[in-house]
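*Asks:* Single-letter residue listing:
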Amino acid sequence: GGDDGGSAAPPAGAPATTPAGTVTVLAAASLTESFETLAGQLEDEYPDLEIVYSFGPSSGLVEQVLAGAPADVLATADTSTMDDAVAGGVVDGEPVIFARNTLALAVPAGNPDNVTGLADLANEDLRVAICEPQVPCGGAAQRLLDAAGVTAAPDTLTTDVKEAASLVALGEADAALIYVTDAAAEGDAVEIIEVADAVVNEYPVAVLADAPNPEGARAVVDAITGEPGRTVLAEAGFLEP
Amino acid sequence: MSRRTADLRVPAALLIPAALGVAILVLPMAGLVARAPWGDLPSILASDEVLTALRLSLVTATVSTGVALVCGVPVAWLLARTALPGRSVLRGLVTVPLVLPPVVGGVALLMVFGRRGLVGAWLYDTFGVSLPFTTEAVVLAQVFVAMPFLIVAVEGALRTADRRYDDVAATLGATPWTTFRRVTLPAVAPGVLAGAVLCWARALGEFGATVTFAGSFPGTTRTLPLEAYVAINAGDSDVAIVLSLLMIAVSVTILVGLRDRWIGASQ
Amino acid sequence: MSRRTADLRVPAALLIPAALGVAILVLPMAGLVARAPWGDLPSILASDEVLTALRLSLVTATVSTGVALVCGVPVAWLLARTALPGRSVLRGLVTVPLVLPPVVGGVALLMVFGRRGLVGAWLYDTFGVSLPFTTEAVVLAQVFVAMPFLIVAVEGALRTADRRYDDVAATLGATPWTTFRRVTLPAVAPGVLAGAVLCWARALGEFGATVTFAGSFPGTTRTLPLEAYVAINAGDSDVAIVLSLLMIAVSVTILVGLRDRWIGASQ
Amino acid sequence: MSLSADLAFRRGDLDLRVALDVAPGAVVALLGPNGAGKSTTLELLAGILPLDDGRVELDGVTLDDPAGGVHVRPRDRRVGMVVQDYLLFPKMSVLENVAFGLRSRGLPRDRARAEAREWLGRMGLDGYERRRPGELSGGQAQRVALARALIVEPRLLLLDEPLAALDAGTRPAVRAELRRHLAGYAGCTLVVTHDPLEAMVLGDRVVVLEGGRVVQQGAPAEVARRPRTDYVARLVGLNLLTGTASGRTAELPSGAVVALAHEARGPVHIAFPPVAVTLSPRRPEGSARNAWPLVIADLEAHGDLVRVTADGAVPVLADVTPLAVADLGLEPGGQVWASVKATEISVYPA
Amino acid sequence: MSLSADLAFRRGDLDLRVALDVAPGAVVALLGPNGAGKSTTLELLAGILPLDDGRVELDGVTLDDPAGGVHVRPRDRRVGMVVQDYLLFPKMSVLENVAFGLRSRGLPRDRARAEAREWLGRMGLDGYERRRPGELSGGQAQRVALARALIVEPRLLLLDEPLAALDAGTRPAVRAELRRHLAGYAGCTLVVTHDPLEAMVLGDRVVVLEGGRVVQQGAPAEVARRPRTDYVARLVGLNLLTGTASGRTAELPSGAVVALAHEARGPVHIAFPPVAVTLSPRRPEGSARNAWPLVIADLEAHGDLVRVTADGAVPVLADVTPLAVADLGLEPGGQVWASVKATEISVYPA
Ligand SMILES: Nc1ncnc2c1ncn2[C@@H]1O[C@H](COP(=O)(O)OP(=O)(O)OP(=O)(O)O)[C@@H](O)[C@H]1O
Ligand SMILES: Nc1ncnc2c1ncn2[C@@H]1O[C@H](COP(=O)(O)OP(=O)(O)OP(=O)(O)O)[C@@H](O)[C@H]1O
Ligand SMILES: [Mg+2]
Ligand SMILES: [Mg+2]
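Chains as they are written, first to last, in my numbering: chain X, 1 to 241; chain H, 1001 to 1267; chain E, 2001 to 2267; chain R, 3001 to 3350; chain A, 4001 to 4350.
Hints are computed from structural coordinates only; laboratory data are not their basis. C-beta: ideal position from N, C-alpha, C; glycine also. Only true hints are included.
Label pairs and their calculated CB-CB ranges:
| hint | chain 1 | residue 1 | chain 2 | residue 2 | range |
| --- | --- | --- | --- | --- | --- |
| 1 | A | 4118 | R | 3221 | 33 to 43 Å |
| 2 | R | 3012 | H | 1189 | 14 to 24 Å |
| 3 | R | 3132 | A | 4023 | 31 to 41 Å |
| 4 | R | 3183 | A | 4328 | 14 to 24 Å |
| 5 | R | 3213 | H | 1084 | 50 to 60 Å |
When you get a sec, could you build the whole thing from the sequences and use the hints?
*Replies:* So this is what it looks like as structure tokens:
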């Protein structure tokens, strides 16, 4: 249980001390690498602090919080899922945007089909993967394509940006619109073609209303939104808010 | 034996765990029903996308079950009835897709049947055929994920059945194929049916391997679970719940109808 | 019958589809093996996280199978052997978790057993117990998802078995419980074993319902499939493949060993 | 403990209506052709099949009464049953099979096993305790089934051809064991058998079933002497004719006339043994007043004698010596005269 | 078509070593106590069980030769088999069961069914074509199994107690049908039976198995007259003693001496029928030179006679009339003298 952290925390309203106890963070899966680095740093700084992460799809995390999960912090990959949490009254205060992500045109290593820009996505002969319009990366892709006046001819609408990324990495898709961070995570298997005016996606974080350890939670949120977070996130390809 | 006297009193030692088991399985569904946005139901269900996805789901799951029956029952028979060397390892391998996280399964399928995969590259170069992103790929993904259920269930049934009937058929001059078709298979029909139900249901609910290997395109590869997953990822769990209830309703109707007819006929 | 003469020649009508079936199931694994980063293997496998997740996976899958056996076999018996009214609807309901996309299943579990859920609220208010995000929740999610496999397989076996043995036991004065325990159950042991294998494997590979209902906490709820998911999301698909191969290796070893022992003992 | 049963049951073509009364401790031998409903009768009494109508009372307690909604479950009836195909529990050892009933009634394992061991000994199966049923020969399996049923001292014992698979050496021993057991047994017993000798040895009373109905019953000797149906006649090895008597003659439906030794009137059965039939190539001139021309249908060696089946207005079976067969040149299709002395014929009302 | 088999096989306690030669068209009746290995012998010949050693040749073709690595599969042997528990295919109708073998050999469905229908008729099962095996009585099922085996005209016919479940009325008819069929049949037949009459009627030759070995074989009449083992003696209803003869007497292992009618030397068998035994309360004074004091072990009604089992230095079975039982006051445990005339005794080398 996540309850044990509560007893170690100072009583609410007490003067701020060094954060201690266990802080449970529910975070979108795409934040895995960055947040684990960040946790290491924080725990070095505050020896009494222990950060426990549960990574999962944003929507599932929100369901958990709505069902009364004894967690302290919620970080999602888009604002709409966070809005559901706010509407459910489980968030303490206003969520804060701590990172943004941009889309990039990804092609397999070596760019075998000589993709040059967004216009190639309309090519029927290319195998194109784009995110489903209803999910965050898909919405962003739609806006980007609309702005560029391109009618894409996708062969698959992936439900998760990771799928599009791995399709490119395996050479099954000739081109895909994916987040820069996901493209970066695929390493050498994927090449990025820069796109102008890539629309962004925002990552909000919030302390939860029923947080067993609000002190610690606030310290963690501060770290995410502050300098330490910015550095780590930037390394993974995220943009500043 | 429709006429045999049924002992209606059931021992508590069985009834109590059974009730617990039913509760675990049925209560969550009650939760879904309670949570469903009944007002929005008609509009969600009547949408073209949903109907297309439903049709695709039913067609692919049924075709996959057919393929699994044709290929899987013989595999079960090999495992249960022959002295094949390395049989127990084969049995283990055949069970593997059960434990493989479906997404990894999809990746594995891509690596073999994808355009650059072991078999896929050859198919592509020779015939110009590429499996991913086609309805065939959906079927292949479903077969991969669901056939093991059929195999294991049928093998269990074959082991329960009396082998001596096969011997008798052999002395009457029947080839192994005739024996299989006319003696062995009818004897294990309930087991095959059970396996087919498992397989069909698993194929209908299949998501991970499909989305990775076949992609998700309306009309060709987007089945109902994919539709539901999209809704969840878009933060629209209400729609996901409605779609799930739809799948439940359809499959329960089909399974109940089918089983009652089958069981009725075989008694 | 270890000594009976085995007819090693297998009819082509069975061999060809069987070979196809085996190819569909085994080739993708070959793909995984081909792709695996064999050099990094030792370091990945030796990491604390992986070992923790492995232990957690094995423990929860085994406990879940135990629970499913205790609760599921009686349910199968009810469905196959009693004249329960509404039996075919119950059979349909019990099969539902098979078609439910696992993530939706997780949502449904939250709605019932979550701290604000139908049953969960009562549990929390009365006993101060909250299920989600505990190892118990992992087990519950796995039971929900995997028990139907056991039930369907065991019901199939029960229908194949000869009911007259039960009658004989009754005339000898055996209670239904004794009959069940000493006559019925041994007769369908292969079917129960098959069902347990399916159930265990499905529980081991379970991901969607677990991540939603139990979360993904290292040490308490992050099983191997969740670990693989985390790896994929961290851009580490190699790790995910290694983890999958680990699951395959473990489960094949256990299943092969267990079945050979069981089958050896029961002959 | 007495049994009083009135059974009505339909299944497929079978329309069974049987009334049975068995006195305490009595053994009834149930005879009848294949498909007569013998096994069905036992299953009804065991409570495995439900009565359509009627009533079963054992020792004053109503076990079945469909009209009154009474149906006692098989396990509460304390019946012991041996079925035609044994149905030994395949996953239990022979010893566990036999001990099963005692264990089910709550006896501790050791005592149940000791007693089962004793019963196996009586059945000549020492040393077979640890075998599985699949490792037994047919006759061994049948003896295990018998021991499994007898050991529980049921109030009603239902045995369906319990000795059919036993070899000629074991059968008398097991039959004697069974007879000994039944003699000291207070419950009622029904034994189905196709062996007339077995019926006579084991049964206090014989009940013959045909087509779901009781066609004859009585003491074994009575049934053996005065068969009432062709089946019973063949069973006890007599020729049986049915006709209408008036004085010293009886007319058969075929028009043939049979001379009788005593006066009789009305419908009668006419019985005589095959050895009483004399065959001759021409119409006999002797004192036998009954002589009919017949055609030989079949010859079959039969111990020291040959059984001749002959058809005609008065179809008969005749037992003759092999010598006679050679002398008379008997062969299927040949003509022959059969004669029977009136004094060899027994006549009783039909 | 002739069969020549030399079988060696071990399973559990059974150590089977049997050599069999069956002439073309001949019928061998296989007799023996339960567990002797009769069913095992048939399964070996059918190819269902593998020989440990030896050789099976049918019509000059080697079917089994483990040393040479030859094993012809059951389906290529053209054997027909009726097993003790029938094993009718449960999901097929009776007609389909019988037609199965013909269909398997490629006959078109209609012809196979027509022929099956004919065979069912011969077995007295008209009208049962569409039943499932589960809806048959025991005897009906056995007749279907017999028809299923006979219809394929196998080269080797293996029948395991094919008539055991038949009622007394049907049995002679089915036995006659079987005999007729076998008479016009070129293949070899082995029939397992526990019924001595059946063995005599059906078998051209009798082979007796005990404990996995052939203990006696020969023409039925020869075996019936000169039994060589207790089992055979009981089977044919004779008393059998074994002793060492020197001149007109033979000494038994128990020390008792038997007077013989003719000279004999060396180890001999001594046989006499139970009816030849006279029982008397005191030592008889008549011409019977063989008289032994015995204790009565058992009495059993037996047709018109009572069979008395008596133990002592010379254990015997005696058949006496019920009147004699009453006169002599015979009862188990009572003392009695048994006497046999030397002329009633047959003696032959052991
Ligand atoms: N399940 C069934 N459905 C329809 N008819 C059945 C069923 N079971 C048995 N019968 C028929 O009922 C009749 C009586 O069967 P039963 O088994 O009682 O005969 P039986 O007297 O025991 O004969 P046998 O001496 O051959 O064992 C038979 O004609 C049989 O075919
Ligand atoms: N699977 C087995 N394993 C071990 N022993 C077996 C097995 N099957 C049969 N036996 C034994 O082998 C012996 C011969 O069996 P078989 O069935 O050949 O006897 P049978 O002569 O047909 O007897 P019956 O007249 O009782 O049918 C028996 O003692 C039996 O217990
Ligand atoms: Mg019967
Ligand atoms: Mg046998």
